[in-house]
Structure formats: C-alpha cells, structure tokens
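Required output: the full structure, derived from the provided sequences and hints.
Below are the chains, spelled out letter by letter.
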Amino acid sequence: MHESADLLSAPSQRGLILHVMRFSVHDGPGIRTTVFLKGCPLRCWWCHNPESQSLQPEVIYFDDRCIRCGDCVRACPQGALHLNGQVIRDSGLCRGCGECANACPVTARQLAGRWMTVPELLAMVLKDQIFFDESRGGITISGGEPLTQPGFVEELLRVCRMRRIRTVLDTCGFADSAVIRTVSKFVDLFLYDLKLMDCEKHRYYTGVKNDLILRNLKILADQGSAVIVRVPIVPGVNDDIDNTDKLSRFLSSLQLRKIDLLPYHRIGNGKYQRLHLCNRMEGVEPPAPDKMETLAARLRRDGFCVRIGG
Amino acid sequence: MNERVNRLRQGTLETKPRLSVERAALLTEFCRADKTASVPIRRARAFGYIMEHKEIYIGKDELIVGERGPAPKATPTFPELCCHSLDDFQILNSREKISYSVDDHSRVVQRDQVIPYWRERSMRDLIFAEMSSEWKDAYEAGMFTEFMEQRAPGHTVLGDVIYHKGLLNLKAEIEAALSRLDFINDPEASAKRDELRAMTIAADAVIRFAERHAEKAEELAKAESQSCRRAELLKIAEVCRRVPVHPPRDFWEALQAYWFTHLGVVTELNTWDSFCPGRFDQHLYPFYRKGMEDGTLTRDQAKELLECLWVKFNNQPAPPKVGVTAAESGTYTDFANINNGGLKSDGSDGVNDVTYLILDVIDEMHLLQPSSNLQLSAKSPDAFLKRGLEIVRQGWGQPSIFNADMVVEELLRQGKRVQDARCGGISGCVETGAFGKEAYILTGYFNLPKVLEITLNNGIDSRSGKKIGIETGDPRGFSSYQELFTAFRKQLHHFVEIKLRGNNVIERLYADYMPAPFLSLLVDDCIASGRDYNNGGPRYNTTYIMGVAPATCTDSLAAIKYHVLDRKAVNMEELLRALADNFEGHEKLRLLLWNRTPKFGNDDDYADAILQDVFDAFFEEIDGRRNTKGGNYRVNYLSTTCHVYFGSMTGATPDGRCAWEPLSDGISPVQGADHNGPTAVIKSAAKLDHTRTGGTLLNQKFTPQLLKGENGLDNVAHLVRSYFRLGGHHIQFNVVTAATLRAAQADPEKYRDLIVRVAGYSDYFCDLTRALQDEIIARTEHEAFVPAMAETTAV
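Residue numbers (our numbering), protein chains in the order written: chain D, 1 to 310; chain W, 1 to 795.
Keep in mind the hints are simulated off the structure, nothing from the lab. Beta carbons are placed, not taken as given, at the ideal position from N, Cα and C, and that holds for glycine. Among the clues, some could well be false.
Stated by the list, open to error - A short list of chain W residues far from chain D (calculated; beta carbon distances all over 12 angstroms):
1) Ser133
2) Arg197
3) Ser225
4) Ala511
Stated by the list, open to error - Mimicking DSBU-like on lysine-lysine, the simulated pairs with C-alpha atoms at most 30 angstroms apart in a straight line are:
5) Lys271/D with Lys708/W
6) Lys588/W with Lys271/D
7) Lys379/W with Lys701/W
Written out as structure tokens, the structure reads:
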C-alpha cells in the first residue's frame, strides 16, 4: 500500500535531465534512447561527462562559437555575465537559470540540465518506440549517476515497464541498497560500472570507497538480475594485472559472466575547457588496442564473455 | 571475378567517354534522301537505316555483345532532339567534369552535315520556339527545368515480354492488330495503321541488328586462332541468331535478348532515363533454375555472364548534355537501375537465388553503371537486406533501398491494377512505375524555395530584377503565417500553370513528331491500342513534376513564422533587407535564423507541419491534372544534382542560407540542420505522405565506424525497416570520407548533424576538440573504403 501511495504522488516529480540522446547504439542492445541524468556522487578523474556531475543546472560556454554580440550579458537577470574579449561568468552570481542560453543566437551558451516531469520525458522517449520495437532496443538511463535521483528514476522505470519499453540502467552502483533492490524490479539489464578493486585506490581516483558498490553488485548477482559489468580501462590507473586478477576473482564469486572493457577516451577534454574545470587526465593517451586485447584475453581465460567497447 | 571479367572491367574503367557522330551522320544521310510522308514510318525506317549501317563491335573476351556506338564508351548524339553547336562540342571536349572527347572528324561531320540539316528542325529548337515568354522567363530564372529539351520521354522499364515472346511473335501480334482496324468507325484507324507498320519496321531493324552480330561473330571465328575463343564466337553467333527474334531458351540467351532490346530502345531515341530490365532477378530465375537443373549452367557461369552484361551497361555513358540539362543532371550515369527482390505479381516475396547472385555481381563489379537497388518488402527476408547493407557499407553509394510495399501503395493510389503495381518498382533515381505497362515521364524539376523568394519580393525575381511572378502583396503587411502561406500558394499556382502549359505543348510535339515505334512494341498496350509510347499507347500514362528542396522551403517558412510572425523578435523589414543584402552586415541575424529556428529533420512538429503544408500545396496544384495522353500529372521529390543548380539561381533564404549556395536535396533535411540523429530524420521524413507521391529520396550520412561489424549492420537494418514501417519510400546511405570530415572542420555550420563514433561512444563531430577531430580524420582515412574508380558520383 505504501508503494502505491508513492506512485500517486510521483507524476509531479521532476528530474534534472542533462541530455536525451536518440539512436544510442552503444549502451545496451538495439537502438536506444539514452537519458542522461545530472548529478553524480563520484568524481572520477577520467569522467568524460563532467557536465553531468553537479546536481544543478549549469551553463556551458562554447568559446569558439561565440560571436561576442553581448546578447547573453543583456539577458542575464543576475548581472552575472560581462563581455571582456570573451563572455566571463561570475559563478557566485549565476543561478543557472539559462536565460543567457535562450538569448544566444549561435548556441554558444547552452544550458546543461533541465528539470523535466516523467510524462514529459516519456513523450520524448516514445518518439522512437518504433525503432525500439524493430531492434529490441529501448531506454537506457544513464548519467551522471541516475540513482542520485532515485524517486524519479523509479517512476520513469515504472512507466516504461507499463509501456513495455525495455529498460537498461547504467549505474556506478554507489547508491542506497534499498534503492538498488527497488529499481531492480523494473530494470531489464544493468550496465554496472566497476572501476577499481582496490578500495583505497578507488577512493583516490573517484572520491569514494568501493565497498558499497561491491555490496550492491552482490545483491544484484544474488537476486539473479541481468548484469553486464563495465570497466573503463584507464592507463596507469586500472590497466594493471593486479586489478584484473581481483576483478576476475570477485566476479567469479558472484557468477557474473559478462564484461565490457571500455578504453579510456578523450572525448571529454573539450568539455573541461568549456566548463572551466580542471582536467586531471590532461596528456593521458587512450590505451593501445593490443593492451585492451591482452586484458580481454586474460579475462576470457577465466571464462568471462568479454567485449571491448560495447 | 574471373580473369576474363577482370580484363573487361579494367577495359571499361580505363576507356574514356568520347563523342561519336556515327549515329548523327547515318540519321542525317537517311533523312536527306527519304521521302516517307508518315512520321512514325519515317522514324522507323531511319532507325532501320542506323541499325543496318552502324559499326558492329565485338570485343575481345566478350560473351554478351552489342554497343550503342561504334565502340565502348563512344557515345552517340541525337541531333533530331538536340543539335549540338560546334561551341557545344568545344565545351563537351574541354569541361572539367563529365567531359567527352571530340575529334576533328566529328567536328567536320557536325559542321558540314549534321548542323545544316538539323538546325531549327531539332526538338530543342521546336520546343524553345513554342514556349511563351512567361515560360522562358521562369525557365531562365531557375524556377523549373525541362527534361525534354535535350532528351526524349523515356523513364520506362521493361516487363517480362521479351522472355516469352520473340520479335517474330510481336510482329504477329502487330499483324493481328492491323487486321482489326476499323476504317469505318475509327477516325484514328489510318494513324494506327501507320504506327503499327512502323512497329513492324522497327522490329525488323533489331532483328537485323542481332543478325549482323551473328555474321560478325562468325567472321571473327573464322579468323580466330585459339580454338577456345573460336568456340565462344560461334556460340555468340548462335545466340544472336536466336534472340531477340525468338524467345530465349536459356540464361545466356535471356541476357543477350535483354541487351539487344536495351540497345534498340536507347539507339532509337535518347530516352531519359535510359532503359531498365525491371525485375531482372525474377525474369532470369526460370532460366537460371532450368540451367542448374539440367546441368547446362553453373553458378559461376551465370555470374560471369551477368558480369559481362554489367560491363556493357558501364560502356554506355549518358549521351552528352549541355546547358541547364548538364547542370541538373551532371553525371555520366544514364540511370539504368536494377531492381532486386520486391514482390511477385501474386504478392509473395520475390527474392530468389538470382537476387543474391546479382548482389554478388554488384559487390564484385563496383561499377558506376548499372545503378542498383533493393526492393525491400515486409515479406523480404533479413538476409536479403543485410547482404545489401554489406555492400552499402563499403561506401560507394550502391545499392539504394526502396520500400516495395510503399511502391505498390503509390501505384494503387494512382489507380493501377494490383498485379501491375506489384510488378512495378523504380527507375532513374527513385521514380515509381508499373514496369512494362507505363510511360511515366519526368518533365522537370521545380524550385520550391524560389517560389518563396518571389513571394517575398511580391512577384519580382531579385536576381534579375525582372517581374516574373504575380503580385501577392507586400510581405511587410503580412500579420500571420496564414497570410504568408496564402501568398506563397498563389505564387506557386502561377508557376505550376506556366509549367503545365509548357509541358502539354511539348508532350504534343513529341506525340506528333517523335514517335518511338520500337519502344512502343515492348510496352503494353501500345500494339493493342495502335498508339505510340509517346502518344498514350501504354496502359498507364503519367507525367511527373519533381519538387526540389522542400526542406529549404520549409525551414525558410518556419524561420519567418517563428521569428517574425509568432515571436515578433525580428521584423519583416529587417529580414527582407538582410536577404536583399545576402546577409552582408546582418551576420548576427543570419546566425539566429540558422541556429535558433525549428527545422525540418528533427522530429519537431513545428517545422514538420510546415513541410506538410508545402507538400499539400504542391500536391494539390499538380496531382490529378490531366496530361494530353489520357493520363495524369503526379508529383515526386528528387533532385539529382539540380539542388545545386537551383541554389545557384536562388538568393539568400530566410533559413540563414546565403545566396547561390546549394538547396537541400531530395526530401533530406537542409545540410547541417538536423541535430537529433538518424531516427529523428526518419521520423520527420515519414511525416510526409509518401503514398501521394511517385517517389521521394532521402540521403543519410554515416561514417564507416558506425556500420562496423554485425551490430552496425543490424542497427542500419533496423533503421531501414523502421522507416519503411512508417511509410517511407526510399533511403540511401552515403559514407562519410575523411574529405568530408575535413570540410566539416573548416565549416562546422554545415555539418552540425555529423555523428562520429569515438571508441564506444558517438558524438557530434563538430563538438569534438580539434585534436580529437584530427584523430578521427586519420582513422577514417585509414578505414574508409577507397572507391575503385574516380568516375563514381553520388547522385
């Protein structure tokens, strides 16, 4: 009964959505629409979506597109912007309202993060239902860490189930175990990130320890949820044999068999500049293809089904 | 491919197109001396004269024989249609793209024989003499083009007649039709008699043409020292004595029967487009199966013969075009297009072993001609689609993919019988027709954004300053989208009327002066009706006008509606001034219009609803209007290379496009205007009611990485199937090359829609850092398929 009361109150709930990406073909089977939620409790050094970390709307600035017309400066209700060679934002004054992005004629200022209701989001997702039907695709909820907004995600998953849209949840696993249990009822497939097996190293590179993450993965494994474990391979961080051995032992113990190895890439580099954030991976090269193959072969020897990319 | 085919293929790739005056000289010689009164009989006799006297070519290694000119790629001219001046010859010889070498002998023949006879007699001269000044003004302004000013009506595709009936059988049918003529009650009986007699003469011309190949082969065999080749030549002679005079008995004869038929049609007249074998896989299957069953044919032999035929197609560049016609269709391809798969006349799946064999041939041959397509029905197996996509992903533009069920629906809506509709397909680029039973004539492209440009200038063509439209009101006075659209509608009506009046005059010129008796005897029901292909003889007679750049037109209307009329953020005066100045000094406004307007191709109903308005307006103006042959006008949407020509004639548009730049192609979104990926493009394109067209063309770009592996193939297969479930007509995929990526780096605005795969992740190319862009360019360069030949053009 308690649950249904939650459901009734849910439609008014809003989620902070970073981006809705159609024809997403790398995050789960078939043609999917990936919904990126904003907000993440982790601060991974290699994060390629740094704009997804904060649980606040924020403005991204594409300096190369900006024509210095000053429309944004005039549009800002807080007086947070001024034009001096380029558009400078006073982050103390900016409230992330997005008026500047609305005023920009060239989309040099874009609002990352929009509060949306479940029906509003569902309508966007349903636009590609015919492609889901054809390809056995569906929705992938990603982030950020989607479970930073647990109520919204649960509601979204429920309505997707109602419309028979297949669901994938892409999570780092750093969430309340009760939340994991609840949402797992409506998730057809988990893409579960596992970055580092060593607890201390995990804390160093992501800002949090990994005990909760490992515990939650065990919960999913024990209850028989469909899980693909995804490991970003970051040179110098987790591409060593020690981490791979530990990963293999842990997943064997859980009887999870599917692993995607995702080579680190530099797609996010430009985003750090646009957000005026410090990029701690500056100068790190993506892992060489034979390095990826070596790691994959190592895990395949232990009986895992391994894909590179994914 | 085997060594023989490899040599033939190299030969056709290395041979440069050249102009041949052989046909023009023979025709002129005949016409100077001939005294025949009846036009069709004179045309048939002229055709017979050419077929009797033209050079017969049988090349080394060839199994399938026959050339339109005296040798491969020696391309004839058709002075009765378009009599080239010596200046034209000079241009053809020296232009950078799509050139034809012209030798001194040709110049002399043209100057001394051809020009003196055909000047002011050619159809081109007759047409321009008959066109009104308002037609000429619109034509010169780039409002529309005219297909028939250099080429004859064609656009026809063969049914299955030649596989069941030899020319002798058809001659017997003609005799029967002659004996049924009713000279008491039918005022047209005499005209029909002449037409039917002309068909008989034309049949004899092709019988003789085949016989001459037999004689030539026998002659070569006598001189041949190698016994193996001697046997082949004797076999060729045997085949040429059999077909097309009699119906073919085996696979080889079936192919040769088609090729002689093809050459007959394209030598009689320069039909636009060329000629096609229709449901080739279905027609050939009984011969293939019989050969396999009685042990007289192997799969390799069948493939070799098909590949020999493919070389023949590629040996025939489109006859040279000049002027506007060269601009609207700038390519060597003559648009013979092989339909694969589809449905059978009983409605069942038409894919068979020959379908897969032909796909293998397409894959191996990599030739510009013939073009090829998949006719994909809901009933077609996935294996068929995926085999086709394996070829598509190599990125040389073939095959394109059609929705066979939608083709049937389009033909049914036009009132065709269901069996005829199922045996239909497409020809040219995307044009729907009932094979073997229909004359569906494309008459010209129609520039939709130009109509809007003239509306915004109250009837004036801003490029020339001439008043070519009607006064539909000063746009500064428009206070609603409805008022704007009503004015656009009136202007559209005005130009469509001009085009239709011109078309009907031209249609009669061809009916009266340029009959095609050989083509007529191949198309149902010309023999039965005693009427020519160009005079309403076929069972169905359709005239098409092709709308160009619906997306540029839509985005332009959307920009005015959104910024000027709805939000009132820009005033009309300001917009018109910016357009008149080609946005010089108004760059901020241009960027606003370009970046911040709801645009077609994003699954956004605001813009897509306007596309539907434009579609409905164009449809209502044209569809169902009567042509002069007892048929109707219809619309379709393709542009070949005409969107570039029309763009060069159209000033700045309200969507932020600068003057003289290309317009959008087919029904594709404006280049760079779609931001939501391919599913959104497909959803937008499917909002157009394809059933009410005779074909639409949708181009999609992809990078090779996106199509990698079985997964990549599946994704694209799903896109195609989904588009077709939504009622789309056609889709084709263009591979993105490193050159395109470099262009995107230089001009990101035009390539905002370009998605690339970066590791396990895809993103918009233009959003990547320069360094990453460079990395992807390097990778694409490495992975991309390198086309086998420079002559491939994507159209």
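Give me the numbers of the hints this structure contradicts, sorted from smallest to largest. none
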